[in-house]
Amino acid sequence: MSSIAFLKAAYIVAWAAYLAYLMRILLRMKKVETEMKDLERGK
Amino acid sequence: MKRLALITLPLTLVLLAVSSYLALVVAPTEATMGDVQRIFYYHVPSAWVGGFCFFINFVASIWYLWKRSPRSDALAAASAEVGVVFCAVLLIEGTLWARPVWGIWWTWDARLTTTLVLWLIYVSYLVLRRFSAGQTQVMAAALAVFAFADVPIVYMSIRWFRTQHPSPVMGGGENSGLAPAMLQVFLVNLALFTVLGILFIWLRYKLETAEQALESAHAQAALKGAA
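So the protein lines, in turn, are chains X and R.
The first sequence begins at 1 in the numbering used here and counts up one residue at a time.
The second sequence begins at 1001 in the numbering used here and counts up one residue at a time.
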C-alpha cells in the first residue's frame, strides 16, 4: 500500500469517528426528549 | 433536537473540511516523509483536545467531590467521553502514520504505551459510570482524579525516555520546530480542533443533564405511583 493510502485512511477514519460520535449524541438527545414527552403525557 | 442538529452538524462539517483543506492542500510537503506527514495536522490536535478534555474532567471531578454538584458530574462525564473519542482517533492515526514511516503498526515505546494506558483508564472510567450502582458519581470522580496523573506522564514521556516516537516538535530544544508555513497550518488546526472539542463537550453536557432530568422525572413518577 502506498503512503497516500495511509494518509487517506487517517483522514477518513477521523471524519467518520467525529461525525459518527456527533450523530450518536444527537440521536440519544432525540430519544431522551421523546421519553420526557411521553412521561409528561402520562402524568 | 432539530435546532441543535442544524447548528452542530454544519459547524462540525465546516471545521473538519477547513482543517482537512489546510492540512492536505495548504501545508507544504515535508521533505523526508512526504505526504504521509500530513497526518500530523490531525494527530497532534486530536492529542491536544484529548488532554484538554481530561483536564476538564479532572477539574469537574474535584469540584464534584467538593460540592456534590450534579452539573459538575455531568461535565466530568461529558468531557471524559469526548476525550476518549479524540484519544481513540489519536491512537488510530498514530498507527496509520507508523506503518509507512516505521514499517510497523505499533511498538511498545513509552509514548505509545502511556497513551494507550491513558485511553484504557478513561474507557474504564466510562464503564464504571455505566455499570456500577450506588455511589457511582463519587467513585467515578475519585478515579478521575487519579486517572489524570497519566496525562503529564504521556506529555513528558518523549522527554524522559528515549523513544521511537519522534521527539517534541514544539519546545523540544534546538533542533525542534516547524517551518513557518507548517506552523501556521498546525496552529490553525489546533484552534479548529479546540472549537470542535468544546462543541462536542457542550453537546454531550446538554445530553447528560437531560438524562439526569429524565432519571429524576422517572423517579418522581415512580414515587407518585407508589403513593
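Just so you know, these hints were derived from the structure itself, not from any lab.
Any given hint might turn out to be false.
Partial list, computed: chain R residues near chain X (C-beta under 8 Å) [as the list claims (entries may be wrong)]:
hint: 1; residue: 1031
hint: 2; residue: 1034
hint: 3; residue: 1096
hint: 4; residue: 1204
With a Cα cut of at most 30 Å, we get these calculated DSSO-like pairs of lysine-lysine [what the hints assert, rightly or not]:
hint: 5; chain 1: R; residue 1: 1002; chain 2: X; residue 2: 31
hint: 6; chain 1: R; residue 1: 1067; chain 2: R; residue 2: 1206
hint: 7; chain 1: R; residue 1: 1206; chain 2: X; residue 2: 30
Using C-beta positions, here's what the derived DEER-type ranges look like [claimed, not checked]:
hint: 8; chain 1: R; residue 1: 1180; chain 2: X; residue 2: 20; range: 16 to 22 Å
hint: 9; chain 1: R; residue 1: 1187; chain 2: X; residue 2: 42; range: 51 to 57 Å
hint: 10; chain 1: X; residue 1: 30; chain 2: R; residue 2: 1030; range: 42 to 48 Å
hint: 11; chain 1: X; residue 1: 35; chain 2: R; residue 2: 1128; range: 22 to 28 Å
hint: 12; chain 1: R; residue 1: 1132; chain 2: X; residue 2: 36; range: 22 to 28 Å
hint: 13; chain 1: R; residue 1: 1180; chain 2: X; residue 2: 35; range: 29 to 35 Å
hint: 14; chain 1: R; residue 1: 1194; chain 2: X; residue 2: 20; range: 30 to 36 Å
Everything numeric in this text was worked out from a predicted model, so none of it was measured.
All C-beta atoms, glycine included, are put in the ideal place defined by N, C-alpha and C.
Comparing the hints with the structure gives:
1. 1031: violated, 14 Å
2. 1034: Interface hint status for residue 1034 of chain R: holds (6 Å vs cutoff 8 Å).
3. 1096: holds, 4 Å
4. 1204: holds, 6 Å
5. R:1002 / X:31: It holds: about 12 Å lies between the C-alpha atoms, which stays within 30 Å.
6. R:1067 / R:1206: holds, 20 Å
7. R:1206 / X:30: Roughly 12 Å separates the two Cα atoms, so the pair holds.
8. R:1180 / X:20: 16 to 22 Å: With a Cβ separation near 35 Å, residue 1180 of chain R and residue 20 of chain X fall outside 16 to 22 Å, so the hint is violated.
9. R:1187 / X:42: 51 to 57 Å: With a Cβ separation near 53 Å, residue 1187 of chain R and residue 42 of chain X satisfy 51 to 57 Å, so the hint holds.
10. X:30 / R:1030: 42 to 48 Å: Given a distance of about 43 Å, which is inside 42 to 48 Å, the answer is holds.
11. X:35 / R:1128: 22 to 28 Å: The hint (22 to 28 Å, Cβ to Cβ) holds, given that residue 35 of chain X and residue 1128 of chain R are roughly 24 Å apart.
12. R:1132 / X:36: 22 to 28 Å: holds, 25 Å
13. R:1180 / X:35: 29 to 35 Å: This hint is violated: roughly 53 Å between Cβ atoms.
14. R:1194 / X:20: 30 to 36 Å: violated, 21 Å
Violation of the numbered hints given earlier is confined to hints 1, 8, 13 and 14; the remaining hints are satisfied by the structure.
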